[in-house]
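*Asks:* Please construct the entire structure, taking both the sequences and the accompanying hints into account.
Residue numbers (our numbering), protein chains in the order written: chain A, 1 to 473; chain B, 1 to 494.
There could be a bad hint or two in this list.
Calculated from the model, a selection of chain B residues having no Cβ within reach of chain A, i.e. all distances over 10 Å [claimed, not checked]:
(1) 11
(2) 12
(3) 49
(4) 71
(5) 74
(6) 75
(7) 110
(8) 160
(9) 202
(10) 299
Beta-carbon label-pair distances, calculated as ranges [as the list claims (entries may be wrong)]:
(11) 59/A - 463/B: 29 to 37 Å
(12) 19/A - 177/B: 52 to 60 Å
(13) 60/A - 426/B: 32 to 40 Å
(14) 412/B - 414/A: 27 to 35 Å
Don't read these hints as lab results, they were simulated from the structure.
Idealized CB from N, CA, C, for every residue including glycine.
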Amino acid sequence: MTTALILVPIGGALWVWITPWKNTRGPGGLALLLALVELALWVGTAANFDFGRGGLQFQTDTVWFEDLGVSYHVGLQDFTLWLVGLTVLVTAAAIGYGFWVGRERPGAYLGLLLFLEGAVIGVFTAQDLLVFYVFWEAMLIPLYVLIGVWGGPGRLGATFKFVAYTMAGSLLMLVAIIAAGLSAGSFDLADASRHQSVWIFLGFAAAFAIKAPLWPFHGWLPDAYRESTPEVAAVLSGVVSKAAGYGFLAIAIPQFPGAVSDWRVPILVLASIGLVYGSLLAFRAPDLRGVIAYSSLAQMNLILIGLFATNASGNDGALLQMVNHGLISAALFLLAGAVERRTATGQLGLLGGMARGRPMLATVLITTGVIALAVPGSTAFAGEFLILNGIFAQGWGWAVVGAVAIVLAAMYMLRLISAVLHEDVGSAVPVEALDLRPAEIGVIVPLVAVLVFLSFWPAAITDHALQLFGGLP
Amino acid sequence: MTRFEQPTIDWAALSPELVLLGGASLCLVVTLFLPWSWRRPFCATVAALCFIGAGVAAGILFAVDDSARSVIADAIQRDRLAELAQILVAGSGLLAVGASLGWERQERSRVGEYYALLLSAAAGMSFFVAASNLMTLFLGLEWFSISLYVLTAIAVESLPSLEAGLKYLIVGSFGSAILLFGSAFVYGATGAIGFEDIAAAAGGADRLLFVIGLALILVGLAFKMSAAPFHMWTPDVYQGAPTPVTAFMSAATKVAALVGTMRLLVTAFPTEARLWTVALAVIACISLAWGNLAALVQTDIKRLLAYSSISHAGFLLIPVAVGTRLGGRALLFYLVSYAAMNVGSFAIVAARERELARPVTFDGLAGLGWERPGFGIAMSLFMFGFIGLPPAGLFLGKFYAFSAAVDRGWTWLAIVGVAATVLSIYYYAGVIGAMYFRHSIEVRIAPAGGSPPRDWALSAAVGAAVVVTVGSFIAAGPLLDIARESVSFLGFPH
Chain A
1 MTTALILVPI
11 GGALWVWITP
21 WKNTRGPGGL
31 ALLLALVELA
41 LWVGTAANFD
51 FGRGGLQFQT
61 DTVWFEDLGV
71 SYHVGLQDFT
81 LWLVGLTVLV
91 TAAAIGYGFW
101 VGRERPGAYL
111 GLLLFLEGAV
121 IGVFTAQDLL
131 VFYVFWEAML
141 IPLYVLIGVW
151 GGPGRLGATF
161 KFVAYTMAGS
171 LLMLVAIIAA
181 GLSAGSFDLA
191 DASRHQSVWI
201 FLGFAAAFAI
211 KAPLWPFHGW
221 LPDAYRESTP
231 EVAAVLSGVV
241 SKAAGYGFLA
251 IAIPQFPGAV
261 SDWRVPILVL
271 ASIGLVYGSL
281 LAFRAPDLRG
291 VIAYSSLAQM
301 NLILIGLFAT
311 NASGNDGALL
321 QMVNHGLISA
331 ALFLLAGAVE
341 RRTATGQLGL
351 LGGMARGRPM
361 LATVLITTGV
371 IALAVPGSTA
381 FAGEFLILNG
391 IFAQGWGWAV
401 VGAVAIVLAA
411 MYMLRLISAV
421 LHEDVGSAVP
431 VEALDLRPAE
441 IGVIVPLVAV
451 LVFLSFWPAA
461 ITDHALQLFG
471 GLP
Chain B
1 MTRFEQPTID
11 WAALSPELVL
21 LGGASLCLVV
31 TLFLPWSWRR
41 PFCATVAALC
51 FIGAGVAAGI
61 LFAVDDSARS
71 VIADAIQRDR
81 LAELAQILVA
91 GSGLLAVGAS
101 LGWERQERSR
111 VGEYYALLLS
121 AAAGMSFFVA
131 ASNLMTLFLG
141 LEWFSISLYV
151 LTAIAVESLP
161 SLEAGLKYLI
171 VGSFGSAILL
181 FGSAFVYGAT
191 GAIGFEDIAA
201 AAGGADRLLF
211 VIGLALILVG
221 LAFKMSAAPF
231 HMWTPDVYQG
241 APTPVTAFMS
251 AATKVAALVG
261 TMRLLVTAFP
271 TEARLWTVAL
281 AVIACISLAW
291 GNLAALVQTD
301 IKRLLAYSSI
311 SHAGFLLIPV
321 AVGTRLGGRA
331 LLFYLVSYAA
341 MNVGSFAIVA
351 ARERELARPV
361 TFDGLAGLGW
371 ERPGFGIAMS
381 LFMFGFIGLP
391 PAGLFLGKFY
401 AFSAAVDRGW
411 TWLAIVGVAA
421 TVLSIYYYAG
431 VIGAMYFRHS
441 IEVRIAPAGG
451 SPPRDWALSA
461 AVGAAVVVTV
471 GSFIAAGPLL
481 DIARESVSFL
491 GFPH
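*Replies:* This is how it looks when you write it as structure tokens:
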């Protein structure tokens with residue numbers, strides 16, 4: 001079942017690529033269909049998942065090469081199930097959006113998105129460090145091409161920065177994986193003894209910190225998020241950054257208890273700076289994408305604070321917030337794409353007054369924005385509350401920083417909403433600009449609907465993902 | 001008067017070389033009696049069949065031999081290490097024939113010589129990897145080197161080709177001379193030329209002479225594997241030589257030189273392991289640094305791939321330098337996908353070259369990915385693979401090489417390798433960027449008149465390279481078993 005979740009998108013990508021399409025709608029239709037099949041597959045998996053049991057389910061374990069004890073071992077845990085769910089939902093929305101917009105060379109484009117989906121699911125489900133690394137690197141290849149070919153005018157610089165940063169981190173992780181695997185005699189996560197080496201921990205942490213990104217390793221982020229197409233940015237910030245959170249949650253933190261307690265304070269300091277810094281930059285960013293990009297930076301740092309609380313509340317909150325932020329930022333990037341299509345700009349100074357006569361756009365954007373700023377009762381509020389509650393145990397000072405950042409989140413989100421929807425009609429906004437089209441509603445509203453659902457019942461996730469967190473220090 | 005005793009000759013052990021040499025003679029002689037239009041298909045067929053035959057012969061020997069033994073008066077080692085290397089050389093040769101077929105259209109007059117030299121170079125390499133004394137080692141080295149000197153210069157009407165041939169001849173002979181000089185020192189110190197005899201006599205040898213000899217031999221071999229700082233000929237020769245020749249040379253010479261070096265050092269110089277492991281590690285670091293830094297500023301793709309080959313000499317030396325069994329396995333596994341990817345990427349460059357009728361630069365690659373989707377995907381696979389990204393077998397090769405270094409306790413060497421890999425991303429990713437991120441109209445390159453003729457042989461060679469590259473990733477388990485068996489009898493010092 002897990003293997004099917006990985007292979008359907010990857011095999012589908014090959015299918016979309018090698019078919020010689022005559023019909024220009026063909027590749028898009030097939031890719032969307034495959035994404036929906038994948039979504040259905042996930043729903044089926046979730047329905048059959050035994051939440052009470054804990055541990056790995058739907059496992060596959062085949063020896064790849066026994067020489068160094070490497071095997072193709074994949075499986076789902078309760079908390080990874082939710083991250084996989086986030087992936088399939090956001091990717092389906094992104095593919096639907098890309099299909100509707102009608103990108104050039106749709107076969108290659110949508111195939112790459114499917115391939116990326118498979119790689120991300122592989123990262124979430126791999127139980128062998130080398131397999132994890134293979135999927136981790138496999139995420140990079142489609143993103144490189146997706147940004148480099150279909151991105152904006154500054155795409156070449158953006159792709160290079162993105163690849164250089166990511167590879168620098170992930171190669172350090174490779175050395176760490178080798179060192180960890182050789183000392184344990186096996187690369188399987190379950191066999192790995194708890195390591196004492198700080199260096200190995202730092203190797204993993206480097207890769208995850210860059211991918212998340214933890215301040216100050218975020219140099220690639222603004223360019224990558226601004227230059228890619230909205231749907232790629234949605235997947236990048238919504239899903240791919242969660243792979244880093246997952247890496248901390250499933251590998252770096254549980255495997256290295258000693259190093260984590262030594263390095264908790266420095267990492268928390270960096271994450272706190274990143275949280276405040278990202279929030280302030282989001283407040284000052286001149287364009288839509290900038291606000292979303294820097295708010296993503298801030299949110300990811302908040303999630304890292306929750307993870308490094310290393311207690312049940314902090315980790316529960318971090319997991320919930322990963323899902324929340326994935327949905328929020330994907331929805332916001334797609335909405336930004338919708339706005340940019342109508343006005344040909346993302347500059348907040350040229351936008352404004354779009355609410356009048358466009359009720360759907362206004363409703364969806366305000367709903368997403370309000371959830372994003374963690375209004376009490378929203379799922380983001382639940383997530384942030386759990387994170388703050390968790391980090392309070394490590395020291396009240398961290399919780400104060402977190403609380404300040406929530407105020408800042410309200411400031412930048414409200415600024416974004418009013419700059420797009422309210423105020424005077426911006427010079428770039430044509431009178432005839434349409435409201436959200438049915439297709440746009442079709443891809444964005446499901447994301448928002450899940451957010452609203454989680455706002456009513458955040459325990460859907462937090463009560464169904466407790467197995468890992470009980471045993472942590 | 002001493003009676004000369006004729007050694008018993010194990011013809012089976014020589015069968016790969018004999019098949020290749022037989023093919024070379026056929027190409028040379030029969031071609032003379034054939035009409036012009038038959039010569040190219042005839043020679044290519046003979047060459048392809050002989051490469052397949054040599055590979056099959058080596059494969060049968062691999063299956064039959066479960067122990068290592070010295071044959072023909074201890075001049076040749078018959079073991080799985082040699083046989084695996086011979087399979088790799090024959091495979092590279094077969095793919096190179098595929099890449100050559102289309103190019104020969106312009107070079108009809110020397111078609112027989114071309115294929116004969118290709119076969120003879122491969123025969124020399126097969127001999128070299130099996131050599132078990134300093135004399136056969138030197139003979140094998142000269143045998144394939146001289147074939148390659150002529151092959152490099154075979155396009156006599158092209159000045160760069162002649163220049164490259166001359167350069168290769170001079171620098172290569174210099175390298176061979178140093179190797180021979182070193183052999184003389186070692187013989188002088190130990191009175192032995194057989195690898196195992198040298199190891200046995202090392203205890204009573206004059207240490208100074210012995211170590212100087214070892215150092216000179218290492219330098220001579222480093223010339224052949226184009227490791228920095230003995231790489232100066234590589235960029236010019238790779239760029240100037242006809243591209244199919246470069247494809248063969250870059251892949252097969254690396255296989256031969258590294259396997260030969262590992263065998264020599266492990267068998268003949270275990271007593272000096274402390275010296276040569278460190279020396280090779282230093283050479284590896286210099287190659288990694290030099291190759292990658294110089295590659296950053298290249299614009300010609302063949303030259304870029306030449307520097308990439310220098311940097312890969314560094315990666316390949318890491319597992320040799322650690323001097324462990326794991327390292328030996330890593331080297332062989334690495335070489336499988338490395339050879340395939342090298343021939344494949346040069347074959348694509350050759351195809352583009354024929355299309356544009358001029359050397360391929362970054363600009364010349366513009367739009368290739370969209371115009372020739374198959375080549376585009378294959379080239380992306382090779383380039384991502386050279387970086388060390390899945391799904392290329394080289395990813396696991398690097399993983400193994402770094403593992404060998406970490407296992408030996410040389411984590412710093414793995415970190416140097418990682419730093420070099422980070423540098424290499426810039427130019428490998430740049431090649432992919434050039435193919436996909438720009439259009440050929442943008443840089444106004446004019447393809448040399450209409451759509452290019454379909455070159456099925458070249459496409460098949462590229463396809464085979466892709467299959468080996470991806471196959472060595474997926475079927476890593478069985479391949480690693482083969483690599484393990486190939487080095488199982490070598491007595492690694494660590």
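*Asks:* Are the hints correct? Go through all of them and say.
*Replies:* Hints versus structure:
Non-interface call for residue 11/B relative to chain A: holds, since the shortest CB-CB distance, roughly 35 Å, exceeds 10 Å. A cut-off of 10 Å between C-beta atoms confirms that residue 12/B is not in contact with chain A; the least separation is 30 Å. At roughly 32 Å from the closest C-beta of chain A, the C-beta of residue 49/B stays outside 10 Å, upholding its exclusion from the interface. Distance check on residue 71/B: its Cβ is at least 30 Å (rounded) from any Cβ of chain A, clearing the 10 Å threshold; non-interface status holds.
In this structure residue 74/B is separated from chain A by more than 10 Å, as the shortest Cβ-Cβ distance comes to about 32 Å. At roughly 33 Å from the closest C-beta of chain A, the C-beta of residue 75/B stays outside 10 Å, upholding its exclusion from the interface. At roughly 40 Å, the least C-beta separation between residue 110/B and chain A is larger than 10 Å, which holds for a residue marked as non-interface. The non-interface label for residue 160/B is consistent with chain A: the shortest C-beta to C-beta separation is roughly 31 Å, beyond 10 Å.
Every Cβ of chain A is farther than 10 Å from the Cβ of residue 202/B; the closest lies at roughly 32 Å, confirming the non-interface assignment. Look at residue 299/B: its CB is around 16 Å from the nearest CB on chain A, clear of 10 Å, so calling it non-interface holds up. Between residue 59/A and residue 463/B the beta carbons are some 35 Å apart, a value that agrees with the proposed interval 29 to 37 Å. Hint check: residue 19/A to residue 177/B, Cβ distance near 58 Å, so the stated range 52 to 60 Å holds.
About 37 Å separates the C-beta atoms of residue 60/A and residue 426/B, a value consistent with the hinted range of 32 to 40 Å. Range check, residue 412/B to residue 414/A: Cβ separation about 52 Å, and the 27 to 35 Å hint is violated.
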